[in-house]
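Undergrad: What follows is each chain in one-letter form.
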Amino acid sequence: MATERQHKPQFSGRKQVACSQCALSNLCLPRGLDASDTELFERIVLKSRPIQPGEYIFRAGEPFRSVAAVRSGCFKSFVIDQNGEEQVLGFYLPGEIIGFDAIHEKVHTANVVALDTSSICGLKFESITEMARQLPVLQEELFRVMSLQISEMQANAADLSADERIARLLLSLSARFAKRGYSATEFNLNMSRRDMASHLRLATETISRVLARFQNAGLISVNRKKVAILDIEEIQKIAKRDKSKPHLL
Amino acid sequence: MGSTTSFPAELIVKYGLAGPRYTSYPTALQFHEGFDAEAYRRHVQRSNDYLIPLPLSLYLHLPFCKSLCYYCACNKKVTRNTSRADDYLRHLFREIEMQGALFDRDRQVIQLHFGGGTPTYHADAQLRELMQHLARHFNLSREDSREFSIEIDPRTVDEKRVANLAKIGFNRLSMGIQDFDPAVQKAVNRIQDQEQTLRLIEAARENGFDSVSVDLIYGLPLQTAASFETTIDSVLKARPDRISVYNYAHLPHLFRAQRMINTDEVPPPEVRLELLASTTTRMVEAGYVYIGMDHFALPDDELSVAMREGTLQRNFQGYSTCRETDLVGMGVSAIGKIGNSFAQNYKDIETWQAAVEAGELPTWRGIGLSGEDRLRREIIAAIMCQGLVRFSEFERSYNIDFNDYFAYEIESLKPLEEDGLIQLSEQSIKVTPTGLLLLRAIAMKFDEYLIKDNAGKAYSKVI
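Chains S and L, in that order, give the protein sequences. Going by this note's numbering, 8 is the number at position 8 of the first sequence; the sequence numbering is gapless. Going by this note's numbering, 400 is the number at position 400 of the second sequence; the sequence numbering is gapless.
In case anyone wonders, no lab produced these hints; they're calculated from the structure. Small disclaimer: the values here were computed from a predicted structure and weren't measured. Where is the CB? At the ideal position from N, CA and C, for every residue including glycine. Check before you lean on any hint, since a few could be wrong.
As the list claims (entries may be wrong) - Cβ-Cβ distance ranges computed for the label pairs, FRET-style:
1. L:T351 - S:F100: 52 to 58 angstroms
2. L:R239 - S:Q52: 55 to 61 angstroms
3. L:L68 - S:D231: 55 to 61 angstroms
The following block holds chain S by itself, in its conformation from the complex (with noise of 0.2 angstroms):
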């Protein structure tokens, strides 16, 4: 369980953003703006402080007041079962939107905490959908990235093999990472192998042991944090992404 901060608004002493500047705006909500609609949605965007790892964004049972752009850095999404168990939900990468679950109930399902020194960008989603109003294009952009979420969830719940679990959440991530301008072959995970089995439902060793496997047979290499996939290709057919659909990423 990541450890509990003192909770520092996030967001006290607006900080002002150009979203036309911001090195992922070709990934967030305003991408389909033009010049004019971005400067009208930056009004509705604060900055976040420097968040901590460790630190909560949102908890589970807090009401719904807005979704969060992961600036930098990365998050993680979790709910406690029953039995006190912590089950990752996801992980959020730069360019990301954290928040949507909390639409339906005006009340966040999942905590949200940081693993990495972050930062996000907040927007108030009763601004978001008035603006979504008047401007289609960030609406449709809205339901893209809501529906982009919703298929990766299900990806996780069907019923595959550990090997298959693990080498599409590396594509996934590979992906993710290559949209942002990193490497789609090396990247740096934060998450630990708790939270990575968390995720897939699959034990901590077989983490590990699927990981070394792959290493061994020369598809990944794995040092520390670092990540390098090495023979994408054979990922990709252990992964049983069909080839002949367009990546959902």
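Guided by the hints, dock chain L onto chain S, whose structure is given.
TA: Positioned in the frame of chain S, the structure of chain L alone reads:
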């Protein structure tokens, strides 16, 4: 060192200044008591969390000895009262339980070492129990490739005991010889029969020990180049897989036992130089490979192979061929390396036992490495183990311009280049065969703590 290279005596003298052995960086001088059991636990937990956690290496310190060797600077307790030693073992069992519980069970122990003192002070039955206890609380590898080693005292271990040790699970052993010359042995209170000792090397091989290592010491009282050569030649006939030739550091103000040695009888620097020169030459002529830092190995020994393949590692025991591991140190004074930290247990038995008795980890001090420490540690390891520092590797991992970042250090290396210890280029630092004899002098240039603190410290002389 090639057999055609002449021994660079003047350089040895020139660079024979104080220098740490760099079995760790930062060295133990930087360990502090702010690093406590809580800090240790945190680092252990972090090490469990890696996607593929490192396998484990265990070090057990068994400090008891039946008699005192005057040159000894190790953490030891000389006593004939075996009940003290039994009591110690009881506490060691407790520490093993506590430590075993901290590490995820799927992390295999691929290397372990019993050191001391004299591990074989304890009866074989006790050593067996100790190994079984380790097997209960840690996941011991069953592979043939595992390195389970023990230090033995040839004076109290015979072929039967060697066979027992093999049955207990050891597949490597090391033994102290120091010197066969009777006068030298008397002067250091270690009378040891030559025939018996050399027979043990044979017995070890017959019982399946994969690598036998012997320790010799030069610079002991009453040693002469001629007398030591006789010892070397006898040892070479038995052809142990590894030979370590240590320099005796006469520091009686630091090590009580050494006060029993007559300072007048300790050979002067010129003789020590001669001893080192003739030893090194003889070893190389006999076909041994010089690994570095006083270690020699047969060409087909794993150390030599690892050196050729660039996979040599360095730990508190010296050189190792193991894959990278986290090291768990147990027993009084034991040092461990977990992730980016070092931790050392209490140095005196009473304090160590009291902590264990109270159900606490007996962590005395340690250090959590900063980013700067980690960078320099890797560079020093590259110097000591590969004899090569490739700048591009560090530039990638640490996002620096090596020549820029280490401008001061590289400048300080220029005299060493002029003396032929290294080859400097825009891309790398290469250690020459000559430099291999003086690795410490090269590594020192990247030691941030030495750079910051130019005052001399009480390190043993390099020679």
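Undergrad: Now tell me if each hint is right for this structure.
TA: Hints, verified against the model:
1. L:T351 - S:F100: 52 to 58 angstroms: holds, 57 angstroms
2. L:R239 - S:Q52: 55 to 61 angstroms: holds, 59 angstroms
3. L:L68 - S:D231: 55 to 61 angstroms: Taking Cβ atoms as reference, L68 of chain L and D231 of chain S lie about 59 angstroms apart, which means the hint holds.
In this structure, every one of the numbered hints holds.
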